[in-house]
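Visitor: Sequence:
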Amino acid sequence: MRAIFIFLSLFVLSGCIPEPEIQISGIENEKVYPDARSIKVDEEAAGNFTMQLNGKDIQNGHKVTGNGKYQLTVTAERWWNEETKTVTFEIDDQPPKKPEFNDDLKKVYYKEVKFRLVKEDGIEYEIRMDDKPYNLEKAYNKEGDHTLYIQAVKDNGLTSDRKIKFQIDNRTYSRETVNTFKQLYFHNGEKLLTEVIKWTYYVGVYVHGEPTTQDSNVLKSYFDRLNKMLPIEFKILKNGTSNYTNHQLDIHFVPTHEFKDYGFKEDLRVGNKQIVGVAIPEKVTMDGNIITSKILVGTDTDQQLRKTTILHEIIHSLGLYGHLENNEKSILYPYNNNRVTKLSEVDEKLIEILYRKDIQPGMNEKDVERVLEPRIKK
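Each number in our numbering comes from the position in the sequence shown (counting from 1) with 546 added on.
Heads up, some of the hints might be wrong.
Stated by the list, open to error - Distance windows between CB atoms, simulated:
1) Pro580 to Leu783: 46 to 52 Å
2) Gly809 to Tyr671: 53 to 59 Å
3) Met832 to Phe810: 22 to 28 Å
4) Tyr656 to Lys577: 45 to 51 Å
5) Glu871 to Lys653: 30 to 36 Å
6) Gln760 to Glu672: 56 to 62 Å
7) Asp676 to Thr619: 49 to 55 Å
8) Asp848 to Gly908: 39 to 45 Å
9) Glu666 to Gly809: 55 to 61 Å
10) Val654 to His733: 22 to 28 Å
Claimed, not checked - Here are the simulated DSSO-like pairs of lysine-lysine, each with C-alpha atoms no more than 30 Å apart in a straight line:
11) Lys631 to Lys609
12) Lys728 to Lys811
13) Lys711 to Lys688
14) Lys688 to Lys912
15) Lys709 to Lys684
16) Lys709 to Lys688
17) Lys652 to Lys700
18) Lys903 to Lys923
19) Lys643 to Lys660
20) Lys665 to Lys700
21) Lys652 to Lys711
22) Lys660 to Lys688
23) Lys912 to Lys657
24) Lys875 to Lys924
25) Lys888 to Lys923
26) Lys657 to Lys903
27) Lys709 to Lys774
28) Lys766 to Lys784
29) Lys924 to Lys912
30) Lys912 to Lys652
31) Lys728 to Lys653
32) Lys615 to Lys602
33) Lys653 to Lys774
34) Lys888 to Lys774
35) Lys774 to Lys903
Simulated from the structure, these hints should not be mistaken for lab results.
Since this is a predicted model, take the numbers as computed values, not measurements.
Every residue, glycine too, gets a C-beta built ideally from N, C-alpha and C.
Given the sequences, and given the hints that come with them, work out the whole structure.
Guide: What follows is the structure, given as structure tokens:
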């Protein structure tokens, strides 16, 4: 009877002993985390237990800090009941690479563009064009300014992104216009240039000397017209105000005999012609960005003549430092007896070409031809 009683007691007791339960917080199986993790086991539920991380013993609450793949093994015992639980996880605090492309990116495309993204294994990509979902497998051909946004996303939620601003511009030019631009810029006998120079930012304009009210009105009207044509702005500022950019154009209204006091060292007469206006690029960076420039306008001329002179020198100051000897309708005709006060069609085309986004400061003649050649009307 005693033996039977002991057996029954053991039987009853064993039925009351709960099995160990391994409850782990801080990590989950097959998850990738972007930061350090603290591993904790519920001691009351597990009973007696041991923990091993990648085969090495650790204590409860162990903090895992280094990047890498890990395997946690927890073995728990309660009397003769035993349970083992294994969890694999990874720590990776490195964001994905910034999206890259197989082709060099341009600021301006003609007709269409197809972006070829370099994809990384295990990375998801969110792609939007002008804030709308977009499939990069398709060529894009909508004319205008656009923004392509690409976000690379890792399994652990870390991201990197890239915004690409570009333009699709389908304007074309005649071969004659392109040749005129190159001749004016690179082969003009007066001011030889080997590389493109131009303004690339807003320009503060300061007026000095003794301009008449008509001179001031003419200046304003010319800059208002140019600001509608150009991707930059010329803003007339009061003297004594601080320069609101690092780019400055100074216009001096002085008698022609004083030009020498402002850096003009050449003769004031060429043959029987008197020089009544001058444009001088003063500071230009090594890569062709105009920083400061100067215009001299002779006040010892009549008002109508000054209207032509002012516009002629302003157009020079844009970076077009040549003349069109055989085109009296152009403001770049070297003699102001034509009394031109408006831009001709060829003037507007030359300005348009110079201030295209894909005609960059520092480009040489071959670079310009390469950019414009696909746009030449056949």
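Visitor: Against the structure, test the hints numbered earlier, and report the numbers of the ones violated in rising order.
Guide: none
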